[in-house]
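All chains should be built: construct the whole structure from the sequences, respecting the hints.
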Amino acid sequence: EGGGSLGACLSDTGPRRRMWITATAACGVLVCCAVLASTYAPPGGLPSDLDSLAGLGGGGDPRVVLDSGGYSLDGKSEAEISSTENRMLDAAKVRARAEEHHVQALKLQGNSKEDALKAELLSKKAALKEAAARTKRAKSKEEKAAALVRKLKEERRKHKDNSSKDQSKEHDAKKNIGELRTEAKALRDKEGEEEQQEESVEGTVSNAKQEIDRLKRHADTLSDEAGTLHSKARGLMRGSRDRTERARRLDELAGDKEREVREMRGKVEASLQERKAALEDREADAKREEALDKRGAKEASKEAEAEAAKATEELKEAKKEKVVAMQQLRRQDQEGSLAADAEREVEKDVAKVERAKRALKRVEEKF
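Note that the sequence shown covers residues 1 to 367 in UniProt numbering.
It is worth saying that the hints were derived from the structure and are not from the lab.
There could be a bad hint or two in this list.
Said to hold, decoys possible - Derived DEER-like restraints, expressed as beta-carbon distance ranges: (1) 130 - 110: 29 to 39 Å; (2) 151 - 116: 33 to 43 Å; (3) 117 - 148: 45 to 55 Å; (4) 228 - 137: 46 to 56 Å; (5) 114 - 28: 12 to 22 Å; (6) 121 - 23: 14 to 24 Å; (7) 30 - 114: 12 to 22 Å.
Glycine included, C-beta positions come from ideal geometry on N, C-alpha and C.
Structure follows, in structure tokens:
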């Protein structure tokens with residue numbers, strides 16, 4: 001395990017390798033100092049200072065008193081004393097070198113700590129760079145998410161527009177069905193009248209078809225105008241400042257349409273009077289074409305009923321499409337209050353159009 005750690009440290013080229021080399025060098029210096037001290041130390045051990053070394057002869061005074069023969073009073077010769085002093089000086093030098101090596105080891109240790117701090121600083125800088133990169137990536141993801149949200153909002157708006165178109169188609173289909181049923185009823189009524197007044201069948205049916213076509217075209221125009229009013233009512237949700245003014249304009253438009261219906265009813269009544277006079281003039285010719293007139297009225301009634309059935313099927317399909325569109329809208333939009341306000345505005349416009357349709361129906365019944 002120790003060999004593995006040593007190999008890992010030697011293979012590392014970063015600050016950890018420099019720290020390990022510095023610590024190893026310091027340990028080596030300390031070991032060398034210990035070996036030198038043990039080599040040059042006297043047999044009695046290494047004294048702590050020069051005073052203790054000088055006092056090895058047995059006294060507090062380091063000076064040695066010699067007699068006339070070159071011997072000290074304690075029986076040691078001058079050569080022995082000189083040798084002892086030299087060994088003490090060598091030991092002092094060894095101690096000084098050991099202290100110097102110790103100081104160098106401390107310096108190396110300080111350098112290793114400095115290298116460690118530098119390595120830590122570099123690692124923190126690298127961590128900061130990585131954090132900045134992560135922040136940049138997070139910002140990029142946030143921008144992509146915002147773009148996706150905008151795209152989803154645009155798709156939801158498109159679904160709303162498609163739902164409005166489907167609702168308009170459904171309204172038109174209902175209107176066409178009502179018109180076709182009204183036409184069928186009118187044709188059946190005309191057939192009964194023709195059975196009673198066989199003389200006026202041809203003129204009545206021809207004029208009735210023309211008038212019904214004209215009324216149908218006018219009703220289609222009113223339907224388009226109702227769709228325009230519906231879209232304007234939808235626009236009221238988006239602009240609260242001019243909402244009152246637009247509502248007033250819509251009311252004025254609805255009033256204009258009602259006036260047009262009243263004028264149209266007057267024209268229809270006048271046209272009926274004119275046709276009545278024309279029918280009286282053509283009574284003689286109608287007798288000869290009685291059978292053909294009956295058959296033509298029946299065929300027209302059957303054709304109107306077939307068109308009504310076809311329009312009913314189209315209405316069912318439109319209802320199915322509306323259900324699907326409404327389900328999508330419920331999943332995508334929770335703004336119920338605004339939608340309810342808009343629907344109420346649209347219902348008001350639809351009520352105005354229905355009044356116009358009832359006026360047309362009264363005209364057709366009179367016809």
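- Take a look at whether the Cβ-Cβ distance between residue 121 and residue 23 falls inside 14 to 24 Å. The hinted range 14 to 24 Å holds for residue 121 and residue 23, with Cβ atoms some 20 Å apart.
- Given the hint of 12 to 22 Å, check if residue 114 and residue 28 actually sit that far apart at their C-beta atoms. Holds, at about 20 Å.
- Hint check for residue 116 and residue 151 - Cβ pair distance inside 33 to 43 Å: This hint is violated: roughly 52 Å between Cβ atoms.
- Query: residue 228 and residue 137, beta-carbon distance inside 46 to 56 Å?
  - Reply: 50 Å Cβ-Cβ, so the 46 to 56 Å window holds.
- Message: 45 to 55 Å was suggested as the range; check whether the CB atoms of residue 117 and residue 148 agree with it.
- Response: holds, 46 Å
- If you check the beta carbons of residue 130 and residue 110, does the distance land in 29 to 39 Å? holds, 30 Å
- Just tell me: holds or violated, for the beta carbon distance of residue 30 and residue 114 against 12 to 22 Å? Holds - the Cβ-Cβ distance for residue 30 and residue 114, about 20 Å, lies within 12 to 22 Å.
Hint compliance for this structure: hint 2 is the single one not met.
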